[in-house]
Amino acid sequence: MGPLPRTLELFYDVLSPYSWLGFEILCRYQNIWNINLQLRPSLIAGIMKDSGNKPPGLLPRKGQYMANDLKLLRHHLQIPIQLPKDFLSVMLEKGSLSAMRFLTAVNLEHPEMLEKASRELWMRLWSRAAEKAGMSAEQAQGLLEKISTPKVKNQLKETTEAACRYGAFGLPITVAHVDGQTHMLFGSDRMELLAHLLGEKWMGPVPPAVNARL
Amino acid sequence: MGPLPRTLELFYDVLSPYSWLGFEILCRYQNIWNINLQLRPSLIAGIMKDSGSLSAMRFLTAVNLEHPEMLEKASRELWMRLWSRNEDITEPQSILAAAEKAGMSAEQAQGLLEKISTPKVKNQLKETTEAACRYGAFGLPITVAHVDGQTHMLFGSDRMELLAHLLGEKWMGPVPPAVNARL
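As they're listed, the protein sequences go chains A and B. Under our numbering, the first residue of the first sequence is numbered -7, with each subsequent residue one higher. Under our numbering, the first residue of the second sequence is numbered 41, with each subsequent residue one higher.
Rather than coming from a laboratory, the hints here were simulated on the basis of the structure. Ideal placement from N, C-alpha and C gives every residue a C-beta, glycine not left out. Just so you know, not all the hints are guaranteed correct.
Below, computed lysine to any residue pairings styled on SDA-like, alpha-carbon distance capped at 20 Å [to be verified]: (1) B:K210 <-> A:E150; (2) A:K63 <-> A:F79; (3) A:K138 <-> A:Y158; (4) A:K138 <-> A:R157; (5) B:K210 <-> A:H188; (6) B:K166 <-> B:L94; (7) A:K54 <-> B:Y175; (8) B:K141 <-> B:Y175; (9) A:K46 <-> B:G179; (10) B:K210 <-> A:H67; (11) A:K193 <-> B:G179; (12) A:K63 <-> A:V198; (13) A:K54 <-> B:G179; (14) A:K145 <-> A:L100; (15) A:K63 <-> B:G208; (16) B:K210 <-> A:R66; (17) A:K193 <-> B:G213; (18) B:K141 <-> B:E127; (19) B:K210 <-> A:Q70; (20) B:K113 <-> B:I72; (21) A:K193 <-> A:T(-1).
Some but not every residue of chain A turned toward chain B, in silico, with C-beta under 8 Å [said to hold, decoys possible]: (22) L51; (23) R53; (24) K54; (25) Q56; (26) Y57; (27) L64; (28) L65; (29) H68; (30) E184; (31) E192.
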């Protein structure tokens, strides 16, 4: 038996475009690197409130920069991300509470569906193309009914608080547990550094597909 | 004759630690990639509300005007003072010490230091900082890449792999193997 996989926790919110980028890169590497990727649906609004930070898009030049940055990263990372025209109003007014409670419920009841359900929500919010996550209508309805239960509300709260305790001031954060140490990395652009910490090979954001690790 | 090198402008301030990181990575690649790296000493105070590097950045502006071949080393020595040894960079003696470590003679360094309050140097720093703002900077470092008639502004020291993608060059990590200087 080989060395134990290292645990990576990815704290994310579908309201966060860079969370999508980090998510896709880590999903690509989960069967290449010796890691155990744990997805942690969180609420970015809670992290902003707790840390005193503000969404970068509120600063006009940062908002403009994000629009350009995401256009470039779309091609470089091969993720069909597209900033909606009204993304600020989406972020500030609509928010992501229901969506992240939904994903929390998925994680509690059907964790094997969490990756696809998360991707589907990002696709709806951040891409022109929408696909189906493969959930039956009944399953989805059942989960929607659960999102306001104390169990789900508390779980989302706890996950968000865990991110804050790791030092998060935004999302995504990747928490790597390596050789008894814990490293918190902010952003989707720390994956090469993550590879370095894991002693793994960085093959860029679109590594060649390999057979699933047995 | 091969294709023309692509121009990269790096706007930086020694007060900015990530500027140092971006600077070192690009310096490593300047003889590997087909690029013309232009260093642009700027004032992060002009972009945000920090301060503290005015003299140092005016000094580097003067170096860039009179001895541009010394700019890389002088910049590096100022970062080493502040961000490696936690030493001052605001006092004249501090700046002179960095300049001498960079290989300048005491006379050369002193001469440049005397110029930092001249209108020419003050205006040049102001113009460079304004150029960064026009490119959309909200912080430093920014790397502005001029590729195939397009201009891309990249913020931070962590966009170099994306830069390689835009240039069609190979990314070999932040510490590429040293190669012979491009002829």
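Hint numbers not upheld by this structure, sorted from lowest to highest: The structure breaks hints 1, 3, 4, 8, 11 and 31; every other hint is satisfied.
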